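Just need the whole structure built from these sequences, with the hints factored in.
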Amino acid sequence: MNFTYRPVPISAKTAIMAVISGLLFGAVLIFATGNNPVIIYAALIRGACGSLFAIASSIRWTIPLIFTGTAAAIAFKGGVFNMGVEGQMYMGGLAAAVVGITWRELPGCLLIPLMLIASMIAGLIWALPPILAKLYYGSSEVVPCMMLNYIAMYLTDYLVHNVFLASGNRGATIKTDMIAEQSRLTKLIPSSSVSTALLIGLIIVLLYQLIIRKTKFGYEFEICGINPRFARYGGVNVNKTRIGVILLSGAIAGLGGATEIMGVRYCFESRFVGDFATNGILAALLGSCSPVGTLFGAAFMGFLKAGSLTVERTTSVSRAVAVVIQCTIICFVSAKSFAAILDLKGIRPGKGNTKEGKTE
Amino acid sequence: MNVSLLISAAMRYSAPVLLAAVGALFCDCAGVTFIILEAQMLLGCFFAVIAGYYFQSWAAGVLCAILASILLGWFFIWITMKMKAIELVVGFAINFLIDGLTIYLLRMVFHQTGSFVSPEIPAIPKITVPVLSHIPLIGSIFYQQTWIVYAAFLSVLVAAILIYHTPFGLHILSSGANPEAAKAVGIDIGKTRIKCIMIASVLCGLAGSQLSIGFLSMFSEGMTVGKGFIALGALMFSNRKPTLVLFITLLFGFAEAIGNQVQLSGTIASELVLMIPYLAVLACVFARKPVAEQI
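Quick note, the sequences are listed as chains V and S, same order.
For what it's worth, this note's numbering labels the leading residue of the first sequence as 16, then goes sequentially.
For what it's worth, this note's numbering labels the leading residue of the second sequence as -19, then goes sequentially.
Hints should not be assumed to be uniformly reliable.
Said to hold, decoys possible - Pairwise CB distance ranges, derived in the manner of DEER restraints: (1) T223/S with I31/V: 49 to 57 Å; (2) V307/V with V89/S: 34 to 42 Å; (3) L203/V with R220/S: 51 to 59 Å; (4) N252/V with P105/S: 56 to 64 Å.
Because the hints were derived from the structure by calculation, they are not lab data.
Remember, predicted model here, so these are calculated numbers, not experimental data.
By construction, the Cβ of each residue, glycine as well, lies at the ideal position given by its N, Cα and C atoms.
Have a look at this one:
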């Protein structure tokens, strides 16, 4: 099977069409299950940007997606379909939590960098097997990545359950002790979950922009993603570059896990990643893997997530509807002929079913 | 540890993975990147339980599971072939779309969270082959299995004949190996690929029914837990050889069956036991002979 993925630029029109069709499908689904889509979407918007609390909630759900999105975007841009972001995030989160619990007496200015570095190393190690499988064992990276996701999930569960279980745990949830007070990230908006993790995320996006615009490595890995044969012809060591790409991606994913724990939860909870990884990958695909596009994609996904939580709280509709909307959007966003069909239909109504694909 | 029980359990566990892997084999040979096996299985699980519950018949459940899976296959065909979307991206999105959709429908239509269990969900009847089941040790293969399990093992044989010994198989292989050349000699690549996706859809629908009403008679959110990807892993390791597909899926079946027995005995933490099938796939990937540089 052909698992090579090459990022294609997505026009703004296609993206908007995809978003509209996603919302439309969501509306049909809401209507079919006996609710008024207008009311539900109003609740969604209110929950995502209706008040300061709502905006803070949107930002809170965007922060982890900035990390996972950038991690995915870098990998995709370098021609590696890194679906293992979830596992890398678990390992990064656990590494940070363990450091934060073990060296409690260290001052914050030492402990925080130590936790961040530990998480990056853990994420990086977890990203290594898939790329080795791809480059040296002729397998695709997709399947090992998926397997490592499940392994990371169960392995962290096991380690937390058997080694790092919180003292005085009542047995209901599997989580570790709280991390040291001084290692928690400062809040940017008081009494919300928005912390300086946002700044770290923005720095990562900025660094990604700088890497692809200004450095040799950035140029090389972009070329490897677009056309590996050409890259090799031009003297780029494709294998080495790809290893670099996925290690970078894994490190950022691990960092995302660490900031989630240091900024929001203060302890490692079993299954804390949830849908961060998938939403991040979707954000990268929506933003055609460019730094700014990914940032917007992440913000959009965070917006939907925050809104869907309010929808679930205030109405009878499940928040799973947001997942359906997000995934429908991604289905259509790579469909080249989709926007073209609607174009032609606008000019010649009723006509247009077979040959539009070739006009694109 | 009871060996004949173990064999019987391994058969049961490997059947859904085997069905999905055979479906993927058809698509792989025809050159389609078909990773929505997981989604089709999950949708199959959902509709098998729901339709079975409403119509009070396992046959209706299986039929609806297959229909739902085919419908999803058509959506995939429409969006990748007509709308020219990227197969990998769409496949990835559909996997999560169906995950969300089944959770949504479960909560909205049946007001259940987590799982849907009811004594009124019918189960596929278990068949015991009269004479063969009395053979010591391997007799358990023919003891108390659903017909889907037998169909799964038959499907490997059918696939091997269909792909490697018929003109249709030649069409499949050529549209995968060299689409331009296949087109030049007059093979309709689109139609061949559509047929392959349809075959895979039917098989995944069956796999979903086996998984849900085959031995548990329940639906729980995300109950396929990566079985579609395990099937892909088995396929990737097999180099398109049906016998190897069979062998590897059986290996996973045994891994899961042994894991479950160990879990029951309680000597090893359940988290580690749950990891076994995934570790087995990973080990398979690295057990291959190293290859030269891949670009």
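Hint-by-hint comparison with the structure:
1. Between T223/S and I31/V the CB atoms are about 50 Å apart, so this pair conforms to the stated range of 49 to 57 Å.
2. Checked against the given bound of 34 to 42 Å, the beta carbons of V307/V and V89/S, roughly 40 Å apart, stay inside it.
3. Look at L203/V against R220/S: about 54 Å separates their beta carbons, and that is inside 51 to 59 Å.
4. Separated by about 60 Å at the C-beta atoms, N252/V and P105/S satisfy the suggested range of 56 to 64 Å.
Violated hints for the displayed structure: none, as all numbered hints are satisfied.
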